[in-house]
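*Asks:* These protein sequence lines map, in sequence, to chains A and B. Under the numbering used here, the residue at position 225 of the first sequence is numbered 225, and the numbers go up by one with no gaps. Under the numbering used here, the residue at position 91 of the second sequence is numbered 91, and the numbers go up by one with no gaps.
Hints in this document: simulated from the structure, not taken from any laboratory. Be careful, since some hints might not be right.
[As the list claims (entries may be wrong)] Subject to a maximum C-alpha distance of 25 angstroms in a straight line, what follows is the list of computed SDA-like cross-link-like pairs (lysine to any residue): (1) Lys235(A) to His43(B); (2) Lys55(B) to Phe250(A); (3) Lys50(B) to Phe261(A); (4) Lys52(B) to Leu307(A); (5) Lys90(B) to Trp283(A); (6) Lys47(B) to Asp389(A); (7) Lys47(B) to Asn314(A); (8) Lys90(B) to Gln263(A); (9) Lys55(B) to Pro310(A); (10) Lys90(B) to Phe261(A).
[Unchecked claim] Covered stretches of chain A (chain B as the covering partner; in silico rule of three or more C-beta atoms under 8 angstroms from a C-beta of chain B): (11) 265 to 274; (12) 306 to 319.
[Unchecked claim] Beyond 12 angstroms from chain A on every Cβ pair, some chain B residues (computed): (13) His43; (14) Ser54; (15) Leu61; (16) Leu73; (17) Ser94; (18) Met113; (19) His133; (20) Asn224; (21) Gln229; (22) Gln235; (23) Asp269; (24) Lys283; (25) Gln314; (26) Tyr348; (27) Gln368; (28) Asp377.
The beta carbon of each residue, even a glycine, is placed where N, CA and C say it ideally should be.
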Amino acid sequence: MSSSSVEYHKKELPSKVRTIGTTLFAAGLIIVALGYVTDPVRSAYNNIVGLTFLISVGVGSLFLLALEYVAGAVWSTPFRRVTEFLAANIYIIPLLAIPLLLNVNTVFHWTHPESADKTMINKAPYLNVTFFIVRVVVFWLLWLGFYYFISRNSVKQDTSHDQSLSKLNIKLSTIFIPIFAITISFAAIDWLMSLSPKWFSTIFGVYYFSGTVLAALAAGTIFIVLLNEKGYFVKGLSSDHYYSLGALLFAFTNFWAYIAFSQYLLIWYANLPEETIWFIARWQGSWKFISIGLVFVHFVIPYFGLLSQPSKMNPKRLLAMSGWLLFAHYYDLYWMTMPNYGKDGVVLGWIELGFPLLIAGLIMLVFNFKAKSQNLVPIGDPKLKRGIDFRL
Amino acid sequence: MSGKILYSYTGIFDTPDQIIHAAEKAVEEGYTKYDVNTPYPVHGMDKAMKLKPSKLGYFALVFGLSGTLSALLTIWWMSAINYPIVIGGKPLFSFPAYVPIMFEVTVLSAAIMTVVVMLFFFFKLPNNSHPLHGTVYMKKVSADKYGISIQADDPKFSESSVRKFLEGVHAAEIIPIYWDEEEINHQNKIFEPKFIVFLAAVALITSGVTYFSFNKLMYMVPFNWMMDQPKLSAQQQSPIFADGFGMRLPVAGTVARGYMLYQFTGQPDSAGKTLVNPIPVSKESLALGKTKFDIYCSPCHGYNADGASRLRGQFPNPPSLHSDKVRTWTDGRIFAVITEGQNIMPSYSSQLSVDERWAVINYIRALQRALNAKESDVQ
Numbered sequence: 001m002s003s004s005s006v007e008y009h010k011k012e013l014p015s016k017v018r019t020i021g022t023t024l025f026a027a028g029l030i031i032v033a034l035g036y037v038t039d040p041v042r043s044a045y046n047n048i049v050g051l052t053f054l055i056s057v058g059v060g061s062l063f064l065l066a067l068e069y070v071a072g073a074v075w076s077t078p079f080r081r082v083t084e085f086l087a088a089n090i091y092i093i094p095l096l097a098i099p100l101l102l103n104v105n106t107v108f109h110w111t112h113p114e115s116a117d118k119t120m121i122n123k124a125p126y127l128n129v130t131f132f133i134v135r136v137v138v139f140w141l142l143w144l145g146f147y148y149f150i151s152r153n154s155v156k157q158d159t160s161h162d163q164s165l166s167k168l169n170i171k172l173s174t175i176f177i178p179i180f181a182i183t184i185s186f187a188a189i190d191w192l193m194s195l196s197p198k199w200f201s202t203i204f205g206v207y208y209f210s211g212t213v214l215a216a217l218a219a220g221t222i223f224i225v226l227l228n229e230k231g232y233f234v235k236g237l238s239s240d241h242y243y244s245l246g247a248l249l250f251a252f253t254n255f256w257a258y259i260a261f262s263q264y265l266l267i268w269y270a271n272l273p274e275e276t277i278w279f280i281a282r283w284q285g286s287w288k289f290i291s292i293g294l295v296f297v298h299f300v301i302p303y304f305g306l307l308s309q310p311s312k313m314n315p316k317r318l319l320a321m322s323g324w325l326l327f328a329h330y331y332d333l334y335w336m337t338m339p340n341y342g343k344d345g346v347v348l349g350w351i352e353l354g355f356p357l358l359i360a361g362l363i364m365l366v367f368n369f370k371a372k373s374q375n376l377v378p379i380g381d382p383k384l385k386r387g388i389d390f391r392l
Numbered sequence: 001m002s003g004k005i006l007y008s009y010t011g012i013f014d015t016p017d018q019i020i021h022a023a024e025k026a027v028e029e030g031y032t033k034y035d036v037n038t039p040y041p042v043h044g045m046d047k048a049m050k051l052k053p054s055k056l057g058y059f060a061l062v063f064g065l066s067g068t069l070s071a072l073l074t075i076w077w078m079s080a081i082n083y084p085i086v087i088g089g090k091p092l093f094s095f096p097a098y099v100p101i102m103f104e105v106t107v108l109s110a111a112i113m114t115v116v117v118m119l120f121f122f123f124k125l126p127n128n129s130h131p132l133h134g135t136v137y138m139k140k141v142s143a144d145k146y147g148i149s150i151q152a153d154d155p156k157f158s159e160s161s162v163r164k165f166l167e168g169v170h171a172a173e174i175i176p177i178y179w180d181e182e183e184i185n186h187q188n189k190i191f192e193p194k195f196i197v198f199l200a201a202v203a204l205i206t207s208g209v210t211y212f213s214f215n216k217l218m219y220m221v222p223f224n225w226m227m228d229q230p231k232l233s234a235q236q237q238s239p240i241f242a243d244g245f246g247m248r249l250p251v252a253g254t255v256a257r258g259y260m261l262y263q264f265t266g267q268p269d270s271a272g273k274t275l276v277n278p279i280p281v282s283k284e285s286l287a288l289g290k291t292k293f294d295i296y297c298s299p300c301h302g303y304n305a306d307g308a309s310r311l312r313g314q315f316p317n318p319p320s321l322h323s324d325k326v327r328t329w330t331d332g333r334i335f336a337v338i339t340e341g342q343n344i345m346p347s348y349s350s351q352l353s354v355d356e357r358w359a360v361i362n363y364i365r366a367l368q369r370a371l372n373a374k375e376s377d378v379q
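Looking at chain B on its own, in the form it has when it is part of the complex (with noise of 0.2 angstroms):
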């Protein structure tokens, strides 16, 4: 024996034939603590082990179906009670909307909890040693042959019954396997208790710093700055005016700075003769005339402004910007239509202040130049 403790007889054998008998030999035996091991998955090695199916199912089956409850519950809870919004004049507890949800949550937490429960539980995998390890046997039922080992802790063990045991079924080789001298006693260090203080400890620790700082540390002085704001939010109250409203309306008869009335609503034709473009031709009302129109312009005239365009063939053709009747309109009458809007064609007020319309016309004005000329402009 030489000082070292018996882990289990080994038996190797060379087909798989051989290795099924052997097992069944063993489950005949009354051998309980026994495993096989073989380089691939033998067919019919449950049956001959008399294995019992696998509990693994009922865990995904569990797993899954508490996912599918906490999906459900916490939907319900966050857009029925906690948050409710009406999204597309639906009830706020909408079912149908979360099933999709419902099923994802169940397949990944069935996938994901089966998988650690199969590791962890069934496999004992922190256990990272183990006798059989590192021994010729392992190297060989890992490569070409096929192996049983029959644990020297089973009530049926005895060196001798074993060994004839192995040689009844016509095993190649019989090797014992002795444990290692660090594996006896061997402990794994996760279950330390040191160890667990010290895990629970960083967690604590973490997340009380994290806590603290995002809580409590922004709200002290000199960190809030930024928070303590005497302005009023949107919807806020305020107590400074009688009605408690925090949001006004504008003074009556004044207007906001940048923002000047149309006068012309309905009549392009005096707009045309009254307005006069305010903006010089320079280069920078030209570089963000530029910008605009290729904006908000170009999608149906074109870059060039001929009409040709992406969205041609989809609306009735826009007309192009290079006829006679566009280059002989004033940049009033431009404005009207870039205000107002004129057949198909929306209003742009809301897309582009007063300044950047001007800036648009003087772009056009000059793509107009580029297909039309002068003779001046040669010189």
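One chain only, chain A, in its complex shape (with noise of 0.2 angstroms):
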């Protein structure tokens, strides 16, 4: 079972990578400057959905890895790497953060309170300008910290084959994930429930969490399927690799089905009105359309998309409903921030393809830098042979 075993070659990426990454960043650029020249609050709205989108699926794919090495998952260790260039995307956080704080103003209605308002000035000593930053920057730092040491443990095992790193690994993950759980949640109240601060629901948090997993699940199953089909890895990885990350997405997308609708049917059942303003506000207009449409584009068909066992293992299937997937998300989040924006009705022009295009490219621009310096396959790793060996 020595790891000595396994064949690989490094292979360079195409270049068209690169060339496509960098054509969908400009593009996304220039429609995102061109936005925030002529309409820069709506333009913030769309950057809370592109940057939640990111956090996603960066701190989604730290939390996979994580859950990997605590789980200690040999399946997925033959493509691990493509989770960790994924998770390398929170490096870039900021990128997209700055100039949402520096609109922090005009997108959060909590940071001007009416002073006769007694919920928003009881609310205030967490909801306020100061507090808010300084949780996104220590929230931040907090996984950067451990993206960092996993990667580099992870990185470094290639040259050294040293199996006190797996174990130091699993120690880190063991309390990243506690750490996800609190932070994850607090960056949804942050930047999404936040925007409609005198809402509550109890459940927010777990709710963007399911979107979260599924999101940085989808990514990375388009990058292992498409690098595995051209063989970037190495040989040995079946179908069985293929249905196990499909029953991961079908589980999730069941997850965040039951998550969803638990949030709706108990403000449906008790009636509240600081509960139901959230839903009433998406009733509204137009708004109706898209809200039902959540239903089908985020559940209904990838359930049935993803529901038989061939189209688990099928690699043109599992690659369009990861796809699909990761729209889906963008359209959850779409659908959670935007009716703050436009009350009336729904609001969709050139603006709200700025950031998915320079959310697309920039992902793409991350993975191709990483696996520039890296391999493609973490071959230092005890679990690697195990992983090409399995078989359900």
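Make one complex out of these two single chains by using the hints.
*Replies:* Here is the structure:
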């Protein structure tokens, strides 16, 4: 079971990854810049969608990484690097967070509470600009720190084949998971829930978490399937690995639906004004169709798309469903954020196009940058051989 | 042959690789009626035997979806058609409230029916005898060997060729399996018409008797003793009265038994001066007072009436009943407080009858006396 029996020759990613990444990034950047010039408020709302999406992919990937270590999973080891590269997006979170922090007063109404508004005055000890920025920075540093050490140990193992590095990473992951649980919940409350600061929901952190894991899994699956089909990994990765990825995607599709429906059902049942206000805002005018669409986009379509066993093993189907789920997560974030801006109906135009393009480009560029300097397979990991031989 | 009928030729192998090889070869040779027996699931066997994916999943899907639909129809019919009651101001057809039930029924029917279909359709369950049972072959392949059994009714079967085939794939042992005598032409008793008729008759008779006794017998003389009563139920029509209402208002100017009007609403002081405790202190009245006090008064005032209760700290603290003020109050004044409430204390007139209130007051007096005893009590 020595890892030296695994044959791996590094192949450079094709140059078109960089070309496409740069093109998308440049196009996105132009649209975002134009958007910020013409309509800064609307752009700032879009910025939130973009930022939370990037956090989903980056921090969610770090969570999946920690999960692999803690659970001792072997099947995902051969393509763990993909998850590591995606987690590197944590580095560029400030790129999207800083323009938002400059616009914090236009987006977040809790920054200027009216003195007669008792609810907001009572919430002020938590919802104030200083503490908000402190939280954003502390969370980011925590994520970055754990990402830095976990990925550094993993890369070091490529040359040293030192098993104690795995143990060290297991310890780091064990500490990270509860920290992740807390930070991701509060990040969701800060960036998304505080857009409607008078709204109450006790399940919102979990709701965002379910989407986060789904987005990270979907992004990872896209890269894994594309790279594996073109032979960038080691030989021997079979449909059993695809099936496991598909099963996780399917499971978290259901988990998302479960949490989303739990939130809706409890609020609908209790019918309290401070809770229903959020759903009522998403039932105004044409938002109604976006809300109904969410059920189909985020649940019904991926549910039936991934239901059967062959569909989870088929690389094409897996690729299509992963792409769809990434879109679904963006759609979900859009549905959470934009009704705070366009209160009467759907806001959709060229400005909304900027951030998806920008982020797609960024993720590709970060991936390409990381793939240049590092192996695409963790060749020093003691679990690698078992991971390749994994069968259901 | 010794008169026995051949069921199959079996070959026994020592390693899982050999059995996979044997299965692949069997497919190549064109055998269709054969099976592989191993002590545990061997990976890659489906592929080697070129088995098609199981159809069981489709049954799960169909039964699951029918569960969803039947749950939806059932709740819709029950809560919107058959017995419409508005609950919590929601519409009669409240889809979100149905979803958890639909989900549960989906899972339940999919799970149960999948197992049932698997056992009775795919495994042909009531078939409780098989030629391979109790053979040396079965003993070995359920312990540490791997076996293949090629059936005699396979179109390509012939003893010599199968033996040659098994030798060709290096079987460690080749054993022919014969039918047991009882197994030949054996028919499962469950499928005999007599048994089916018997089952149907039992089902018919039990359901008929149940239906008859609950729906007919109960309404016949003399079993309808408790059913047939001359009184009117609530909301029932009555031909006696001109307006046809069965429910009547009390006759004007009358008072119900045990119901005394309280005349001192809003005037606790005059109640204190006028009302006199009609219940003498006795063992019974103190026992009744203690029971009622412990149920209704102690949550706030405490079991000892000192205000140290389990709700202390969650409301403005209830006062101790041992204060000079309460001790010097007359029984009538305390009666006024229990009847009408005071500050945040609500009225207890609906929980405590008049006599019970007086009994509680007797008990409070006893509690007060316990803390502030007179000299005469000691003697």
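*Asks:* Hint by hint, say whether it matches the structure.
*Replies:* Against the structure, the hints come out as follows:
1. Pair hint Lys235(A) plus His43(B) holds up; C-alpha atoms about 19 angstroms apart against a cutoff of 25 angstroms.
2. At most 25 angstroms may separate the alpha-carbon atoms for a hinted pair to count; Lys55(B) and Phe250(A) meet this at roughly 20 angstroms.
3. Between Lys50(B) and Phe261(A) the alpha-carbon distance is near 42 angstroms, which puts this suggested pair outside the 25 angstroms criterion.
4. Distance check on the hinted pair: Lys52(B) and Leu307(A) sit about 18 angstroms apart at the alpha-carbon level, within 25 angstroms; holds.
5. Taking the CA atoms of Lys90(B) and Trp283(A), the gap is about 18 angstroms. The hint holds against a cut of 25 angstroms.
6. With a C-alpha separation of about 17 angstroms, the suggested pair Lys47(B) and Asp389(A) falls inside the 25 angstroms cut-off, and the hint holds.
7. Annotation: proposed proximity of Lys47(B) to Asn314(A) holds, straight-line Cα distance about 17 angstroms (limit 25 angstroms).
8. Distance check on the hinted pair: Lys90(B) and Gln263(A) sit about 18 angstroms apart at the alpha-carbon level, within 25 angstroms; holds.
9. Taking the CA atoms of Lys55(B) and Pro310(A), the gap is near 13 angstroms; set against the 25 angstroms cutoff, the hint holds.
10. Simply put, Lys90(B) and Phe261(A) have alpha-carbon atoms about 18 angstroms apart, close enough for the 25 angstroms limit, and the pair holds.
11. With 4 residues carrying a beta carbon less than 8 angstroms from a beta carbon of chain B, the segment 265 to 274 of chain A meets the three-residue requirement, and the given coverage holds.
12. Interface restraint, the segment 306 to 319 of chain A with chain B: holds (4 residues with C-beta to C-beta distance below 8 angstroms; minimum three).
13. With a least CB separation of 5 angstroms from chain A, His43(B) falls inside the 12 angstroms interface cut-off, contrary to its annotation.
14. With a closest Cβ-Cβ approach of about 9 angstroms to chain A, Ser54(B) is found to fall inside the 12 angstroms limit, against its non-interface label.
15. Here Leu61(B) does not stay apart from chain A, with its beta-carbon only about 8 angstroms from theirs, under the 12 angstroms limit.
16. Distance to chain A confirms Leu73(B) as a non-interface residue, since its nearest Cβ pair spans about 20 angstroms, more than 12 angstroms.
17. The beta carbon of Ser94(B) sits about 8 angstroms from the closest Cβ of chain A, which is not more than 12 angstroms, so the claim that it is off the interface is violated.
18. Here Met113(B) stays apart from chain A, with its beta-carbon at least about 17 angstroms from theirs, past the 12 angstroms limit.
19. With a cut of 12 angstroms on Cβ distances, His133(B) stays outside the contact zone with chain A, its closest approach being about 30 angstroms.
20. Asn224(B), annotated as away from the interface, keeps every beta carbon of chain A farther than 12 angstroms; the closest lies near 44 angstroms.
21. With a cut of 12 angstroms on Cβ distances, Gln229(B) stays outside the contact zone with chain A, its closest approach being about 41 angstroms.
22. Residue placement check: Gln235(B) keeps its beta carbon more than 12 angstroms from all beta carbons of chain A (closest about 31 angstroms).
23. With 12 angstroms as the threshold on Cβ separation, the claim that Asp269(B) sits away from chain A holds: the shortest Cβ distance comes to roughly 40 angstroms.
24. Distance to chain A confirms Lys283(B) as a non-interface residue, since its nearest Cβ pair spans about 50 angstroms, more than 12 angstroms.
25. Against chain A, the non-interface label of Gln314(B) holds: every CB pair exceeds 12 angstroms, the least being about 21 angstroms.
26. In this structure Tyr348(B) is separated from chain A by more than 12 angstroms, as the shortest Cβ-Cβ distance comes to about 31 angstroms.
27. Remark: the non-interface label on Gln368(B) is consistent with the geometry, its nearest Cβ contact in chain A lying 44 angstroms away (cut-off 12 angstroms).
28. The claim that Asp377(B) lies off the interface holds: its Cβ sits roughly 55 angstroms from the closest Cβ of chain A, which is beyond the 12 angstroms cut-off.
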